[in-house]
Amino acid sequence: MITPKLILLVIALAPLFGAIVAGLFGRQVGRAGAHTVTIAGVLVSFLLSAYVLYQLSTGGWGVFNENLYTWFEVGPLSAHVGFLVDRLTAVMMVVVTSVSLLVHIYTIGYMHEDPGYQRFFSYISLFTFSMLMLVMSNNFMQLFFGWEAVGLVSYLLIGFWFKRPTAIFANMKAFLVNRVGDFGFLLGIAAVLYCFGSLDYATVFRNADATLVGKTLTIISGHPWEAATVIGVLLFIGAMGKSAQVPLHVWLPDSMEGPTPISALIHAATMVTAGIFMVARMSPLYELSETALSFVMVVGATTALFTGLIGIVQNDVKRVVAYSTLSQLGYMTVALGVSAYSAAIFHLMTHAFFKALLFLGAGSVIIAMHHEQDMRYMGGLKKYMPITFITGWIGTLALTGFPGFSGFFSKDAIIEAVHESHRWGSGYAYFCVLIGVFVTALYSFRLIYLTYHGKERFVVEHKNHAHGAQHDAHHDDAHDDHGHHEPGHLEHAPHESPWVVTLPLILLAIPSVIIGWLTIGPMLFGDFFAGAIVVKGEGGPLAELAKHWHGPWGMVLHGLMAPPFWLALAGFGVATYVYLFNQAIADRAAKLFAPLYRLLQNKYGIDDLYFAVFARGGLKLGRGLWRGGDVAVIDDGLVNGSAALVARIAAGVRKVQSGYLYHYAFAMILGLIVLLGGLWLAAR
Amino acid sequence: MFANWPLLSILIWLPILGAIPVLLAGDRRPDTARLLALVVAALTFFISLGILSGFDQSSAAMQLQENHVWIETLNVRYHLGVDGISVALVLLTTFTSVLVIILGWGSVDEKVSQYMAAMLVLEGLMVGVFCAMDALLFYVFFEGMLIPMFILIGVWGGARRVYATLKFFIYTFFGSIFMLVGLIYLYFKTGSFELATLAQVALSGKEQAWLFFAFLIAFAVKVPMWPVHTWLPDAHVEAPTGGSVVLAAIMLKIGGYGFIRFSLPITPDASTEYAWVVIAMSLIAVVYVGYVALVQEDMKKLIAYSSIAHMGFVTLGVFISLALARGGNATGAAVGIQGAMVQMISHGFISGAMFASVGVLYDRMHTRMIRDYGGVVNTMPRFATFFVLFAMANCGLPGTSGFVGEFWVILAAFQSNALVGALAAFTLIIGAAYTLWLVKRVIFGEVANDNVAALTDMNARETFVLATLAVAVLLFGLWPAPLGNLMDAPIAELVKHIVISKGA
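Protein sequences, first through last, are from chains A and B.
Per the UniProt record's numbering, residue 1 is the first one in the first sequence, and the count goes up by one each step.
Per the UniProt record's numbering, residue 1 is the first one in the second sequence, and the count goes up by one each step.
Simulated from the structure, these hints should not be mistaken for lab results.
Because the structure is a prediction, the values reported are computed rather than measured.
Check each hint, because a few of them may be wrong.
What the hints assert, rightly or not - With a straight-line Cα cutoff of 27 Å, these simulated DSSO-like cross-link-like pairs (lysine-lysine) come out:
id : chain 1 : residue 1 : chain 2 : residue 2
1  : A       : K603      : B       : K440
2  : A       : K536      : A       : K215
3  : B       : K189      : B       : K496
4  : A       : K536      : A       : K547
5  : A       : K163      : B       : K189
6  : B       : K496      : A       : K620
7  : A       : K603      : A       : K620
8  : A       : K536      : A       : K455
9  : A       : K455      : A       : K591
If we strip away everything but chain B, and leave its shape as in the complex, we get (with noise of 0.2 Å):
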């Protein structure tokens, strides 16, 4: 039945449009604004289901394409399409969204209809970023982005969410330039930016190299690598629960969903000649950030942290795939992206729930420093069994999510060079570290003070949210094959065409 509608529009523009009624409903309706917004997210989730339904699997094909001139002058496209890697995407986003707006039925009481507003004007934004062909129209959705995200942080933040607020903007502005640099110089080269286009171009390797590296920072800088990291821990801190779970969940996505896109098709030899400079990056994110996290005080900062050492298995599968589909491995280069995409996903799931929870502690509390908090399982026993499975997955256990993307990059990478492999695998030790002591300060113990002793356990809307991730994440850890056979079109193409020298 979704055959001949325009789905990618539609789910770009019905959580966008949908957002002006739920402002109309003004903040003294509360409760109105509340379930339009949970009816929008709900229906655009239902809608997105609808992709997989006439969705070819075995394609590596754009699908579902709509191509409408939209700057007829500069030759500006409103050309949006899906493969198996954005659709896998576009999912979590319409997913996360569903989750935040219930996660953010109680927890946020000021200016409700504007929060709700703008967490569907952000939904329908990443979607398009996720959808879009045309690369103008892609900096479009991703600098507009920004706008919402940098509303919810700086109205619904903390005490220093200007700071943060402004750090998160400028930081991730000043990465964009470049990246609108670049698609300047490549439309001057080929008059079009299609997405498709631009990876058919031959550059040479100088060229190659300034365009790699203006996306680099664009992407680094939205994923975030080291060491242009430290927005993140702020923002996170800053942010409201919903926020902070979007951010984590879906936008940082859009860094690793970046390289897959750009710098891998249209900067093949670059990508390969400094792609030590990724990797080295990445397992920078791992070590390092892993050991900076254990030594975090405050719990929201420490799963930042944890956030930029996970995302380094996405940056580290995406580049160590280079030098090896060079070398004629190319299922080892397909473990390496299929880890990353995987890892990405699954990222999402537990990323938000370790948020999310936090959140729910934060509600009663008030406070996000683990010195706060112990013994926390005596008087919520139900939250307590979620955050302890939550953290399982943070720490890569098999059978959850947390541990496909992490093996098949671990696998991959020691295919490549062993000491990579050996760097990266180092997470199982740090990773568990930092979760297991976070949760013995705040889980286990005697209680640990009257505050403490206060505590009631999770609602049913809470326990709901919970549930509902926990079972995306036993779900994806125990059966990842779906996950994986929705990329493994795309992500073989993808090979075949980064084998491909471009150099002219």
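One chain only, chain A, in its complex shape (with noise of 0.2 Å):
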């Protein structure tokens, strides 16, 4: 009997089941058992959750609401493990299960020669089935738990080259990182179980309004605190870590230590977002919190704008896309704050499919350069490689919105949300998400100039021996030592990467610039998201330009009258002039602004503050304590202090032995009355 249940469990189950064959018995099954299980197992997942999205669309399913098993009871509060699946839900399935599909693929490609091939398969596979838990969970335990399921998957893959040092210490990095959100989250999930008595989705967002309206917290005593704030701004804590906002980003460039495969589809298409779609199901409780809803706002315009301009001075071609995924993480959170729920998740999902797509081309470079990633060492390369020259450029396009493209819809409706919108630090939000654009368009064509255009500033130096193998075959045992060879120098030409890794590129390419004409006006403007989304008030500023919208064509037209369309233009021109034609200015603009562009090369400082703050500054503590607490007062000074003391003690009473009877009998007859008025004190 196949029901939506099993249906469901095979999604979720499929490529944790993949995940074991290739992680336990990855020896026995092989290199081509282990890629072969894992992408069948997601190819399922793939195919059974674009069924569920069907079915959901068309009415032919309700939404799914049920429990699978107990996870503890304690009297009448009880934890459960369960799925709750609606639109929101299977939206993000396909989202997951799509990018995680074409990922697998690509990997065979990229990871062909590494030793742990199979460790790599089963980590990815484990971290779609630990992805699908977080957001088909139906309550926030299991929400928690997959929260930190995928980021222990993330550690795993940020630190895969474990010889590394700069990847075991970027690693454990993003989990520290990411634990401090995690405080906030816990904290939050504490707060909902205070008020609601219930971690059940159903429960929680039903009396959402009847519980939190005009409900208190005090916390410090004397100041009663919005409920509905307290746990909106503690749960977003929880989605600044993961999704990586001010002043929590700091992670996610050093992931980029991790292979290229993961910086797609971890730290930029699906678990990067996690926070995103948390807050999005959260609607219901948002929605009662204006407070909490600036805050939101405030924080993604701050990273929106400021990441991106970091975005500029980068070299390596995976730390400008990770840049530009973090200004757009910032985008998505905009449209949270605004309450456009919606044209988060549709900004979600184009950038999706998108930033995929740019990180594997990346990745396509990376490896045609021989695992050599600055950008100053590339160029002219599209006459080698013209698929990931031409996929490069779409997905390009799409990120900086040109009109037509995906990322044009989306985040143009981000952006007039935010214009549409009155809640307090809109204006500063509205400022962010304009000039955003701009810095958008000027690295990113920045990037296309510098790898595909130009001069090539590589050397191929032609070595006598021949190469069977498709490339690196000088890496002998893992990718550990690249960049062992002088920056430059490459031993063959670079070529275009093999069937594997450019069939994803075209295959993610279709969606980035079909996927925001197809759906923008269900998702959007009709009622998709009904149930799983909440607005209050008359819908929120998504209603306000549901009333000017006119179908995509509309848009587009409109698009090209408004000023992110000019401001884009503006990038891409500077760019144009710059990168293409006269790189000159770019050296002298750094020198003239030299303590801009030191203050950009640095990252604000932030990372540096946070080594010495938490990082030295905690061991320092830690050393205080322990020698000042643990060894000088209570071990030197009260226990072997007090050891001494009864020695001297001892000392003395040696004295009072005196031999003689009576003083002993004086002694015990003194002993006898302390102890006896002691009792009858005591029991007084």
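Dock chain one against chain two, each of which comes alone in its own frame, and use the hints as you go.
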């Protein structure tokens, strides 16, 4: 009997099965076995997810909400593992499984000579399972489960090349910074339980208005705070960690130490968007606190602009894309903050496709360049790798919001929504997202020009040995020895990547172009998310925009006259002039604005500050507490001190041992009096 | 089939008497001693599973009772019985003991029969502690336990074993004297050492306060709580691997168990009044000790400090429940105590696994210093996998048992006071920091030196021990409901009991 429950179980468990086979029996099944079983698992998940989305969109299914098993029970309180699948969930499931599937295929090419091949497939399948559990959850406990599980896999994958000191530093940093977010997140869950007495989404959302309106929490006596604000802000702190919002964004650029496929899957398309999804899911709670939403908006706007600026000065091709991801996550967060949750999810979806495309394209370039990631040693690659080049342009046009491409619809919708909002901070947010468009175009086209266009800034040294293998034959055991040769010197000319790499690029390029056009109508201005996403009052800025909505064509035509388009064009123009025709200007500008340039190079000094205060400061505090507290005061002072005191007393007592019987008798009587007196006093 | 057996007595005396043939096997026949010890421990474990067959989980009553006169003139009784709370801890004891015997199989070469015998005696005494329903009987087991542990550290320990073992002994002995005085006072008051009687006797606020602090000193040393915790790192560092595992996995739990069996039922009013003292000490354990753990250079010390921090959740969960229960939030109170109990069981697995892992490394490298390691994953990939798993459990990652207790305690703490909840939740950060930094320095990276390069991966025996613990950690992380159901009834009963004031 094929029930919805069975289908959903298969969707979640198929990747887990693949992960277990590839992880525990990697040696037995071999490389081909590992990638076959994991890809099959994710393929099954993807096809069934698409089916579920179809059923939910056409009304074949209603909302699915059922518990699978009881995780823990205490009296009337119980925590379950279960699924809540509505259209919001289904969209996420399709996004996650489709990108995951393409990344699995891509990995065959990217990791084909890595000794940890099976382990890698096991991890990315495990990630897919964890992410599905996160988005399919029907309660806060399981949400936290998935939340931490994706964090674990991210940790394992950033540190995948565990011999690299930078990688194992980056993965620890990522985990710890995320834990700071989780600290807030867990307290948010505790506050939900405190207010509602339940961890179940349905119960909490149903009672949200009745419970939270007018309710206050007193955390510091005398200062009652709105319960909805406390919950909203605490939960959002979790999102700030996972979705890398300022000031918890520092881990994401470093996470680029991981292999490129996971940068695309985890650190661009899916895991980092968990925070966005979470806030959208919690819209019934967030709608009750203007303060929390303003906080979300300001954080998002700051992230959108200021991390984008750093992207301009990066030379590592992956890091540019990473800062671009930070900035785009900021856009999604801003959308949440103005109650345009659907727009955030919409941008999440389009971004998943074009950003995965850009990352995988960067990976393709990196393969061609023998794991050289510095753009200063690239250039002119378009003639060597046409597919990567063309799909790279498509992704870039989508990212910069060229009218008609998917990113145009989602980003313009956000900017317009922010423009419509009257919430506190929306003026600042509008400024940030507008300037952000210029910045996005600048760093995106800079990347395109520095890698694919212009003069070749690398030298091909034709060594005498022939290459039978596709590339990288000099890598004996792992990728750990990258860059052991001089930068910019290649052993043979770069060439297009194999089909397992280019096929995912092509398949991602298609939705990057068309998905916005196809889905914007129902997702933003229809009632597609009705029931899943709640917006109070008149329906927020999106309802306002819907009044002027005349289909995608109208939006494109209107877009051509709107400020974002002109700002993007300006960014494009500057990038074209500087990086295609007159690169000396870039160096001159760097010298001219040296302090600003240094500020961006140092990432505003935030990383250094954290390292000094939390890492060094933490160690200093720990040493102080240990040597000062445990060793000096407790051990040497109290414990060994009292031992010494006993010894001194004993030495004194020895003198008292006079040998006279009446001395002893007197002491005994005295002792008895004291003892009985004490007992009598105590018992009185 | 077990229905008519004196099951609990068997569980106590089988290992203790089983130690005699093991001892008789002598040091010249170490393999015989090892095998005999394993048979005894395994048999005890299987019999302990028999408890579950006839056990009524829905009842809060003491079950499988055995009640005999022991010292007639003093009205001391050999009275045993278990409820869900005890059963969980008894099973933890018998389970861990089997693993410890297997672990000692290869790593102890000197005086094998005596080592194995001491372990078995220790096991029997610990089971006794969790089954005793008579306070004096409890006290006898509680103190008796010190002797085999004293011997284990003193004979098979490291270089500073004499200092460590004396510190351990004097500390715990000093603490328990106060408990004895308190029990004698209660005996004079009631004429009985029956725990059930003591729980019902009316006591004035002042009496309760004296008794509360007497119990607090005894159990705080055992847990151990800050600031009487400094014996633990020293004891762990010097103890042999098996001793460390037992110490961390079981003996520390006796402190938490004591709070639940003595402090809460006998002195509920004083416990409520002075709960803030314990809560403050627990939070210091989580935050302060977390920072101290961060800077340790010795792996065993680091894990010992981590144990103290984790046990802080046990005492926190127990003592926040009082204010919650009296404030009418019975569910919140039950959540706190459940969290504390689950944390105890889980910490048994995780700390046991961590110490066992360090033992695996120590047997090969003969050093516990973090700086002597680096890149172990390159030569011991199987070991590294387990170590990372246990490290994640130590960080309280969901899906491992380490999450369950901390999750409930933090949620309950938030209900009593949001700031207490926030300080407790700080473990998410500091716990991850000291654990993952340890992993980074020991497991990951390039092979640090020739000794690491020469390492060989775990043998079948070591793999079996760690794999068994890994299964336990994952099972109770993914599905802790059976554990919760086992303890639900007695905890609900306890919550009802502590609400009622005993003031006379």
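Proposed proximity, B:K440 with A:K603 (alpha carbon, max 27 Å)
holds, 25 Å
- Message: Holds or violated: A:K536 and A:K547, Cα atoms, limit 27 Å.
- Response: holds, 17 Å
Fill in: Given hint A:K591 paired with A:K455 - CA-CA distance at most 27 Å
holds, 23 Å
B:K496 and A:K620 were given as a pair; does the straight-line alpha-carbon distance stay at or below 27 Å? violated, 46 Å
Item to complete: Decide if the proposed pair is consistent with the structure: B:K189 and B:K496, CA atoms, cutoff 27 Å inclusive.
Response: holds, 24 Å
Hey, A:K536 versus A:K215, does the alpha-carbon distance stay inside 27 Å?
holds, 18 Å
Query raised in the report: Holds or violated: are the alpha carbons of A:K603 and A:K620 at most 27 Å from each other?
Result: holds, 25 Å
Next on the checklist: Does A:K455 sit within 27 Å of A:K536, going by the straight-line distance between their CA atoms?
Outcome noted: Outside the cut-off at roughly 55 Å; violated.
- Query: Can the restraint linking A:K163 and B:K189 be considered satisfied, given a maximum Cα separation of 27 Å?
  - Reply: This hinted pair is violated, its Cα atoms lying about 67 Å apart.
Against the hints set out earlier in the document, violations occur for numbers 5, 6 and 8.
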